[in-house]
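Chemist: So the chains spell out like this:
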Amino acid sequence: MMMKRCTFLLSLLLAAGAWAADAAAPAVPATLDNRVQDAKSDVIKLNRDLLVLEEELLFPANTQVALFVSMDVGKLFELDSVQIKLDDKVVASYLYTPLEVQALHRGGVQRVYLGNLKTGTHELVAFFTGKGPHDRDYKRGATVKFEKDTEAKYIELRIQDSMGKLQPEFDVKLWK
Amino acid sequence: MRVSSHRRFTLRGLAAAVLAACALSATAAATDVPNHEIKDPHYGDVLFQFFQDHYFSAVTGLMVSQQFGRVEHHADEAEVLRGGMLLSYGLQREAGEIFAKLIERGAEPKVRDRAWFFLAKIRYQRGTLAEAEAALAQVGDQLPPPLQEDRALLQANLLMARADYASAAGVLSAVGGQAGSSRNSGTRYARFNLGVALMKTGRADDAARGVAVLDELGRAPAEDEEFRSLRDRANVALGFGALSNGDPKSARTYLERVRLKSLQANKALLGFGWAAVALKEPQQALVPWLELAQRDVGDSAALEAQIAVPYAYAELGAYQQALAGYNAAIAAFARESTDLDESMAAIRSGTMVEALFERNPGAEMGWFWRLGQLPALPHAGHLSQLLAQHEFQEAFKNYRDLRYLTTNLEEWRAKLVVFDDMLATRRKAFAERLPQVRERAGASGLGALRQRRDALAAEIARGAAAADGVAFADAKQLDLLARIASAQAIVAGNDPGLAPARERVRLAAGALTWQLAQGQTERAWRAQKDLQDIDDQIAQAHRRDAELAQAQRDEPARFERFGRRIAALAPLLDVMIPRVAALTKEQQFALQDIAVAELTRQKERLAVYSTQARFAVAQLYDHANAKADAKQESEHVAARP
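Respectively, the protein sequence lines represent chains H and C. With my numbering applied, the first sequence corresponds to residues 1 to 176, in that order. With my numbering applied, the second sequence corresponds to residues 1 to 641, in that order.
Note that these hints are calculated values from the structure, not bench results. Hints may be right or wrong, so weigh each one.
Said to hold, decoys possible - Below, a list of computed lysine-lysine pairs in the BS3-like style, where the Cα atoms sit at most 30 Å apart:
(1) H:176 with C:110
(2) C:39 with H:131
(3) H:85 with C:415
(4) C:39 with H:45
(5) H:165 with H:118
(6) H:153 with C:428
(7) H:165 with C:428
(8) C:249 with C:200
(9) H:85 with C:39
Treat the numbers as computed from the prediction; the structure is a model and nothing was measured.
Between the sequences and the hints, there should be enough to build the whole structure, so can you do that?
Modeler: What follows is the structure, encoded as structure tokens:
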């Protein structure tokens, strides 16, 4: 009786173990699965078309301005928040979650603001708050004057480490 | 019994693809220090979304940026990333097309190698193994290090799929490295699979090597839960392998290493008991089995313990306890069977899927997501085995994705209505306000301004021709000119008494004429410059007016185009929403079918155990009857004269 049990148990165990093999085993997906994948694909494409429409309608290229935040290394600065003023008007205030800070550390670039500006000269002022070296509260600003023409304008606010000064640095890059 | 790398391929492969896309070295990735260069900020934004597990936003955002041509500097990397994301959503056809195009257009070797690798993976998942092997053979030496490991695991899986365990073991040996080199997660899985592959080659020396590999893994110190879990699996595999080879002593040694609170614990406790029984030590079997019998009978090992305990009692000769145990097990099985019926009814009514969805929410579609929380339902434990099933996880992921898509589509439908309203408002404002603006601009006198400018130009020309500077005299000089003319009129004549005054007036007039003549050139230049400024302003005003006129002609056409696009997209949404809703319902039924099938299997298992218990009870009664008969017989014999 014991051996019979043992065999039965082994077959159960192998069946349980075979879960792994089943998972890896190549199999032609079921019809429903295919139809679900087709629907997902169609919705993704539809989203693309809707997002393109939304952007062209709300932020046409001739007036569009997009502001980005990036962090290079960022060991000397622990970002908490950023506030951005365009022509003395606050257009973005953003409080970062640890996950977002981590995404910036890993090389992500956040589009923090998308809006419209008329052609001409404009001024941007950004304030970064967080923890600086030695865990001290840190608030710094960066400012830039720029010309808006009839092309979309992309501006990147960069947080970098200055290893020479052992201080974080904040600057602004105007993308061509 | 080999560990699947299917899910790991998806997760780790894509992560590796993205890391490679960012040109992160393995060391850099380990220390989380980026050393990449973002050449298009929108590509960085895609990564920002991706790194936060916002995969739907990442893939759609990437496609939008590709359409606008603003990720040109990362064109190939973006395609690899898009292909990887679509592949992970299960969109194999699209992903395959992307990778095939990358290869066709002769992308650089490091991109081409990744494309061939992912194509091989897609073909493997679709079951076209020969094509998968052919694609894998095309991968050169430019694959980033994290993918090299996955490539070897894929190759080993392909070899094992055609039962070539010896070759698979050869490939895995190269990845798994030497004993004690199992610090890296991928290497540990490779070593586990290596052990299993060696045991399956059919050669005694390989089997011994396989046992040694798994034994080394089973004894290794593990610093994280993933490794501890793998170590438990290695020990359980070794233990049951030893049991089936008739080596219960070794089996006990291996099974003792499994943690009491782990996914493998129940199997290990059961096996440990059987090893003790095989060693003729049933009392030792009772220790793990009694513990196991207390656990949730939704687990097959715990279920078997219900009858294993009375079996051990019977082996020990404690027949009364054995009988009571079997009867208790039969009663427990009957209760469990009723509970399973209730669970199946809950599943069929749709309650289970909804409860699971509520307990396992998520912001976006995503493949890293895994169903983990049991629903708040009676007998939810029945579903724990279900949750461990790849098939159920994948089906639930589809269900969850479909629910997300429904919300997404509904949001777009509401937005499109807003866009349409906005467009109508703009169209109206434009039609009403632009003519007024142009009229005002005309009324404010572009024509009059031009007339005034022409008069001024004529005056400047006359002044320049006269060359006496009078035309460019300032207000003070004009006043002086008037006063001198007045004085000249007063002192006119030959009155000798006024001769000195006449002389002073003459001198003053001469001085003023000199001053005017001296300033003539500069003032004429200034006047010309002012005239040029006026000309520029007039030209600018003309341009603005022309732009407004152009806008008056173009904007209605632009609004018309937007209107047509909205009108074209709205019906697509109207078709897509019910299509997704119908698929959601179908997917829910499919999920319910999988769940019911699993619970039916559990019921069948219960029936088997129940029959065994009844059979054992009958045997015990037979044994007792035989014993009573024997006793009666012996008493009868003893009573004979």
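Chemist: Does the structure break any of the earlier hints, and which numbers would those be?
Modeler: 5, 7
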